[in-house]
Amino acid sequence: MIRRTVLRSAFALAATLLLSATAQAQLFRAYLASDGNDANACTLAAPCRLLPAALTAVASGGEIWMLDSANYNSATVTIGKSVSILAVPGAVGSVVALGGPAISITAAGLTIALRNLVIVPLPASGATFGVYMTGASALTIEGSLIANLPSDGVRAAGTGKVEIANTIIRNNAGYAVWLQNGASADISGTKLLNNDNGVVTFSNTATTTTATVSDTIISGGGTGIYLLTANADGVTRFFVTRCTIQNTNIALDSQTTGAGTALLAVSNSMITNNNFAWSQSGTGSVIRTLGNNHLTDNTTNFGSLTLSPLQ
Amino acid sequence: MIRRTVLGSAFAFAATLLLSATAQAQLFRAYLASDGNDANACTLVAPCRLLPAALTAVADGGEIWMLDSANYNTATVTIGKSVSILAVPGAVGSLVALGGGPALSITAASLKIALRNVVIGPVIGAMPGTNGVELVSASNLSIENSVIANLPGHGAYVTGSGTLNMTDTVVRNNSGAAIRLQETARAIIATSKLLGNIQGGVAVACDVPATIGQASISDSLIVGYSNGIGNGVVASTSTDATARVSVSRSTITRMSSALRASSSGGTGQSISQVHVTGSSIVENINSYNQAGTGSAIYSLGNNLYSGNTTSAGSLTPMVPQ
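Here the protein sequences line up with chains A and B, keeping their order.
Just so you know, we're using our numbering here: the first sequence kicks off at 862 and counts up by one.
Just so you know, we're using our numbering here: the second sequence kicks off at 1068 and counts up by one.
Accuracy of the hints is not assured; some may be wrong.
[To be verified] In silico lysine to any residue, SDA-like type, Cα no more than 20 Å apart, as pairs:
1. 942(A) to 997(A)
2. 1260(B) to 1027(A)
3. 1022(A) to 995(A)
4. 942(A) to 968(A)
5. 1260(B) to 1186(B)
6. 1148(B) to 1092(B)
7. 942(A) to 886(A)
8. 1148(B) to 986(A)
9. 1148(B) to 1075(A)
10. 1148(B) to 985(A)
11. 1260(B) to 1076(A)
12. 1148(B) to 1011(A)
13. 942(A) to 1027(A)
14. 1260(B) to 1323(B)
15. 1260(B) to 1290(B)
16. 1022(A) to 1075(A)
17. 1260(B) to 1103(A)
18. 1260(B) to 1050(A)
19. 1022(A) to 965(A)
20. 1148(B) to 1119(B)
21. 1260(B) to 1242(B)
22. 942(A) to 929(A)
23. 1022(A) to 943(A)
24. 1022(A) to 945(A)
These aren't lab readings, by the way, just hints derived from the structure by calculation.
Can you make the complete structure from the sequences, with help from the hints?
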């Protein structure tokens, strides 16, 4: 843990800013750089070095800019205010997972964006997830890479909302995206490659967990799209549009443990070279197809597809 | 062996990270730069010059960063550990194929390797190389946001149960195919451009009995070198093997045959299949070219076939679901 020494800062202005507890005295934009120093004020002229210092310095609703290619954390970063964190285009903004997730969001009511970040684990460091959100906040991940983690790339458990756009999530030894008990996600223009599993919506309480995935490639692993409802009052819903799902054991898996709802609908997608094209099991589970999907070169399937008319 | 001096680093933070990384004292991130030196420790303050030094210095599961625009190899580089190799955005991370070999070779199994933002090409005036990237083992290779161009061989060549994930990459003007898969290789190609490769776009050729090779191509563009040369996608077998190609939401144009399935040899289990959906097959000599028992080209009924000169064999309607 890096200890901040802001009170000893040479920058009187910084001390003034940081001593003030009010949002108005905090920065709209806080800056990080590879030659920054956490004793600085996190301004453009005097950037900080690590994310926790910038998160302290930035105002709620503000931005943190990573100015050059470097790693910007040394432990799990808990984001406790609304903020956009981005590496400027041309820089690799690295945040590593070690001793837990790289980024954790536990508070509710926040709006957080991550842009142009690279999230990977430090090998053999006790890393878990890439991004872990348990709070009822809204998280957007854009143009980023989340790779090689020993668990899920992104996990949201609780009633948070996740938007993932134009991002690569690959080679993670868990789910690319895990959504549980009230979480919702919208994933577009994204590549989910060679993870142990793709995307799951999982309700084992009386909650509704939903996802939409569009214009996205899912390849490899145990399941591509997985709905699991394990509570009689639980609901999972999943909508797949213009996607390719391949090289999985089960491309489309809609399952209840005997009650509840698991609704999966698929349109304009290619499902190819999987072991199971689909698996539909348990009372209350359904897989609707729009009659415009390409299902080929899959070995087998289980349960039934329900054809829905085009409208 | 390069002796590292991380504890002497001016960056206390770097030391912290590295200490937590190690049993082997290897680097989580190894760095290369145009003014680097292979006698250095490959750290940010003392980067190395060439890729082999960084591969020695980096830990399994780590990363190699090319910090500025330069060429980073002088011979075929064999990657023997799981690693991500990337040029930082804004830099040209060049790797060349020369001396009768590929630029990059992967021969070990069970690795996870990623190339990001690299440019692979030939060296004019040197002994010619072959392919851009060769994967001949059961490892998983991701190529992202890269360029593979102007090589005497294939852009990427995969065999021996390797899996290639190619996204957002341009493979252009190579004398071979953009991507050639043999035997039990697999490829997932998405949002990529395969342009003007003389032997065509994606070829899956399974000529060893009982092997299954397959490729899927989504949201991509495949353009020929000139009309009548090369095929867009090919599934071919010359024995009792299976070759499959699936194409979705893509465009194939200016080819000899846009869609090619060819079965021959074997004892009746020579299977070659092409499936196509939501795609445009335009301005080719043959829109499709299906030949031999066991070969088939399936079309989902939502493709555009226009401006093609002719076709050979038959197109099989496929029922959408």
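Here's how the hints hold up against the structure:
no.: 1; hint: 942(A) to 997(A); verdict: 13 Å, holds
no.: 2; hint: 1260(B) to 1027(A); verdict: 17 Å, holds
no.: 3; hint: 1022(A) to 995(A); verdict: 10 Å, holds
no.: 4; hint: 942(A) to 968(A); verdict: 8 Å, holds
no.: 5; hint: 1260(B) to 1186(B); verdict: 14 Å, holds
no.: 6; hint: 1148(B) to 1092(B); verdict: 15 Å, holds
no.: 7; hint: 942(A) to 886(A); verdict: 15 Å, holds
no.: 8; hint: 1148(B) to 986(A); verdict: 18 Å, holds
no.: 9; hint: 1148(B) to 1075(A); verdict: 34 Å, violated
no.: 10; hint: 1148(B) to 985(A); verdict: 15 Å, holds
no.: 11; hint: 1260(B) to 1076(A); verdict: 17 Å, holds
no.: 12; hint: 1148(B) to 1011(A); verdict: 17 Å, holds
no.: 13; hint: 942(A) to 1027(A); verdict: 24 Å, violated
no.: 14; hint: 1260(B) to 1323(B); verdict: 18 Å, holds
no.: 15; hint: 1260(B) to 1290(B); verdict: 8 Å, holds
no.: 16; hint: 1022(A) to 1075(A); verdict: 16 Å, holds
no.: 17; hint: 1260(B) to 1103(A); verdict: 19 Å, holds
no.: 18; hint: 1260(B) to 1050(A); verdict: 16 Å, holds
no.: 19; hint: 1022(A) to 965(A); verdict: 14 Å, holds
no.: 20; hint: 1148(B) to 1119(B); verdict: 12 Å, holds
no.: 21; hint: 1260(B) to 1242(B); verdict: 16 Å, holds
no.: 22; hint: 942(A) to 929(A); verdict: 23 Å, violated
no.: 23; hint: 1022(A) to 943(A); verdict: 14 Å, holds
no.: 24; hint: 1022(A) to 945(A); verdict: 16 Å, holds
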